[in-house]
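Protein chains: 2
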Amino acid sequence: MAFKQRAEAFVLGLQDAICQALEGVEAQHEEVGQGAPGTFREDRWERPGGGGGRSRVLEGGRVLEKAGVNVSAVWGEVPDAVKAQMPGDGDTFFATGVSLVLHPRNPHAPTTHANFRYLERGSVGWFGGGSDLTPYVLYEDDARHFHHTLRAACQAGAGAHADLYQRFKDWCDTYFWNTHRHEARGVGGIFFDHLRPETAGFPTDLDALWTFWTSAAESFLPAYLPILLRRKDTPATEAERTWQLVRRGRYVEFNLLHDRGTKFGLQTQGRIESIFMSLPPLVRWDYDVQVVPGSREAALLEVLAHPRDWT
Amino acid sequence: MAFKQRAEAFVLGLQDAICQALEGVEAQHEEVGQGAPGTFREDRWERPGGGGGRSRVLEGGRVLEKAGVNVSAVWGEVPDAVKAQMPGDGDTFFATGVSLVLHPRNPHAPTTHANFRYLERGSVGWFGGGSDLTPYVLYEDDARHFHHTLRAACQAGAGAHADLYQRFKDWCDTYFWNTHRHEARGVGGIFFDHLRPETAGFPTDLDALWTFWTSAAESFLPAYLPILLRRKDTPATEAERTWQLVRRGRYVEFNLLHDRGTKFGLQTQGRIESIFMSLPPLVRWDYDVQVVPGSREAALLEVLAHPRDWT
Numbered sequence: 043m044a045f046k047q048r049a050e051a052f053v054l055g056l057q058d059a060i061c062q063a064l065e066g067v068e069a070q071h072e073e074v075g076q077g078a079p080g081t082f083r084e085d086r087w088e089r090p091g092g093g094g095g096r097s098r099v100l101e102g103g104r105v106l107e108k109a110g111v112n113v114s115a116v117w118g119e120v121p122d123a124v125k126a127q128m129p130g131d132g133d134t135f136f137a138t139g140v141s142l143v144l145h146p147r148n149p150h151a152p153t154t155h156a157n158f159r160y161l162e163r164g165s166v167g168w169f170g171g172g173s174d175l176t177p178y179v180l181y182e183d184d185a186r187h188f189h190h191t192l193r194a195a196c197q198a199g200a201g202a203h204a205d206l207y208q209r210f211k212d213w214c215d216t217y218f219w220n221t222h223r224h225e226a227r228g229v230g231g232i233f234f235d236h237l238r239p240e241t242a243g244f245p246t247d248l249d250a251l252w253t254f255w256t257s258a259a260e261s262f263l264p265a266y267l268p269i270l271l272r273r274k275d276t277p278a279t280e281a282e283r284t285w286q287l288v289r290r291g292r293y294v295e296f297n298l299l300h301d302r303g304t305k306f307g308l309q310t311q312g313r314i315e316s317i318f319m320s321l322p323p324l325v326r327w328d329y330d331v332q333v334v335p336g337s338r339e340a341a342l343l344e345v346l347a348h349p350r351d352w353t
Numbered sequence: 043m044a045f046k047q048r049a050e051a052f053v054l055g056l057q058d059a060i061c062q063a064l065e066g067v068e069a070q071h072e073e074v075g076q077g078a079p080g081t082f083r084e085d086r087w088e089r090p091g092g093g094g095g096r097s098r099v100l101e102g103g104r105v106l107e108k109a110g111v112n113v114s115a116v117w118g119e120v121p122d123a124v125k126a127q128m129p130g131d132g133d134t135f136f137a138t139g140v141s142l143v144l145h146p147r148n149p150h151a152p153t154t155h156a157n158f159r160y161l162e163r164g165s166v167g168w169f170g171g172g173s174d175l176t177p178y179v180l181y182e183d184d185a186r187h188f189h190h191t192l193r194a195a196c197q198a199g200a201g202a203h204a205d206l207y208q209r210f211k212d213w214c215d216t217y218f219w220n221t222h223r224h225e226a227r228g229v230g231g232i233f234f235d236h237l238r239p240e241t242a243g244f245p246t247d248l249d250a251l252w253t254f255w256t257s258a259a260e261s262f263l264p265a266y267l268p269i270l271l272r273r274k275d276t277p278a279t280e281a282e283r284t285w286q287l288v289r290r291g292r293y294v295e296f297n298l299l300h301d302r303g304t305k306f307g308l309q310t311q312g313r314i315e316s317i318f319m320s321l322p323p324l325v326r327w328d329y330d331v332q333v334v335p336g337s338r339e340a341a342l343l344e345v346l347a348h349p350r351d352w353t
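Respectively, the protein sequence lines represent chains U and H.
Letter by letter, the first sequence follows residues 43 to 353 of our numbering.
Letter by letter, the second sequence follows residues 43 to 353 of our numbering.
Some hints could be false.
Claimed, not checked - Partial chain H-side listing against chain U, Cβ under 8 Å, derived:
| hint | residue |
| --- | --- |
| 1 | Trp87 |
| 2 | Glu101 |
| 3 | Glu315 |
| 4 | Val325 |
| 5 | Asp328 |
Hints are computed from structural coordinates only; laboratory data are not their basis.
The beta-carbon is built from N, C-alpha and C at its ideal position, and this holds for glycine as well.
With these hints in hand, go ahead and build the complete structure from the sequences.
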């Protein structure tokens with residue numbers, strides 16, 4: 043089977059697995075006075091130029107304030123606006139991927155983002171993707187667990203070429219950098235793009251890269267779910283909730299000012315509501331927010347200003 | 043006196059007048075159970091490359107949930123990033139202006155933005171500016187009052203060249219267009235840039251343009267204040283508040299994705315907290331929000347999709 047079909051089937055399956063797991067967390071979370079467990083609403087959409095997608099969004103859940111897990115498979119003419127940025131040759135492209143952002147309600151539970159995609163232009167195919175973690179209250183254990191899980195998946199997928207984790211961890215720190223704030227969006231993870239045999243940095247082929255890519259993608263749930271489960275019930279103060287909403291503002295700033303995925307979506311006339319499902323449900327912008335030296339907020343900012351080795 | 047000094051003195055005076063008027067509104071607004079009237083906090087800052095500013099921000103007021111009225115006067119080397127966009131010649135620039143955004147608490151009271159600036163590069167000086175209105179609940183009377191006041195000010199300032207209002211009204215509709223949403227940010231106002239004798243479209247000099255520019259700037263209070271006063275006490279439902287927060291999300295999208303002023307500020311290493319004072323205090327992003335046909339929300343969207351003649 044061609045990689046196009048394999049990749050589309052894979053991301054559809056991953057979307058199912060992730061949504062099922064998250065609905066399971068919602069169903070098992072019981073707290074007095076809260077509404078029904080959150081469930082995903084599904085929207086199928088078609089792209090005028092070719093292809094379409096299956097968006098799934100959960101809003102107002104017990105654990106997840108907002109969660110979007112989207113799959114798309116689109117094709118057609120390469121839009122002029124993105125021609126220069128795309129490897130390959132020719133005027134037609136194909137792109138499929140799964141993209142998710144989870145915004146938990148509890149400020150102690152971190153926001154997370156993941157994206158795994160396969161693209162082709164003319165005769166050239168490549169993989170991209172990654173997953174990363176954005177805490178509001180810093181738990182070093184969580185960052186270590188997340189990164190250790192990703193490193194193990196990179197090693198399992200890439201065999202002896204174990205430096206892939208380090209390369210893609212560094213790339214993640216560079217990519218998710220909020221230049222105008224001089225800080226990272228979160229505590230990182232992995233990020234990679236344009237990954238094909240010629241650029242992998244070691245002798246390989248698309249089949250081997252497929253193994254790496256699927257292994258990295260399948261590590262998302264084991265990397266994130268344990269963190270969500272151990273933080274979702276932590277008692278939170280009003281001040282922590284306010285801090286979470288302020289920090290979500292930084293998330294919006296990154297996505298609208300710097301994120302290439304958002305730009306690509308807008309330039310290729312993607313479905314607006316699917317692109318913007320990443321934006322947090324409720325956000326604050328307060329003027330000139332300062333943190334108390336020595337506080338947990340200050341500890342978070344220190345790590346965001348100086349990305350750390352977590353493994 | 044050189045235009046540089048005159049312009050800086052003018053915008054400082056306008057900042058004083060506007061802040062005083064708004065603090066007056068806060069002080070006179072009495073409602074049971076609300077906190078103290080809002081007052082402006084002032085921050086003076088210096089720009090490493092030359093110049094500085096006087097930022098004034100009011101948060102958590104009775105009438106104004108967040109308001110920023112900033113003045114700056116900066117100079118130095120023209121940053122490479124903005125060289126191509128700037129008229130004039132030479133490697134040094136001067137820029138002074140007042141910039142304000144007011145976010146009232148009540149969803150029936152519109153958000154407003156205004157900016158009046160004078161720039162020089164080498165031997166060339168020019169004016170820019172404008173003011174515009176962003177309602178959440180559409181009151182056609184408000185839009186008409188706002189535009190009539192601006193039109194009268196344009197006519198008073200530009201004498202027989204009365205088409206300035208129409209030109210700058212159209213420019214405003216074009217500029218504040220949220221391309222990715224296919225709608226205007228609000229019901230418009232006026233917008234102009236690079237206004238100098240050579241581009242004014244009629245025989246004039248900088249002195250005559252000064253008269254126009256100050257007249258337009260001084261029309262801000264009479265254009266906006268009566269609207270704020272007649273809407274601030276309108277009873278609002280929970281649904282109207284939610285709608286206001288959703289629509290504030292569009293305001294953020296415009297400012298971060300499209301606004302040239304924000305881009306210019308970031309590219310010239312401006313003070314982040316002063317640039318981002320325009321962002322609303324509290325914002326929602328809900329998935330795929332739909333409005334009921336025939337509702338007031340639908341009426342607003344209709345006007346935003348098809349900018350109207352209000353005079």
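Each hint tested on the structure:
1. Trp87: violated, 10 Å
2. Glu101: holds, 6 Å
3. Glu315: OK, holds: Glu315 (chain H) within 8 Å of chain U, min 5 Å.
4. Val325: holds, 5 Å
5. Asp328: holds, 7 Å
Consistency with the previously given hints fails for number 1 only.
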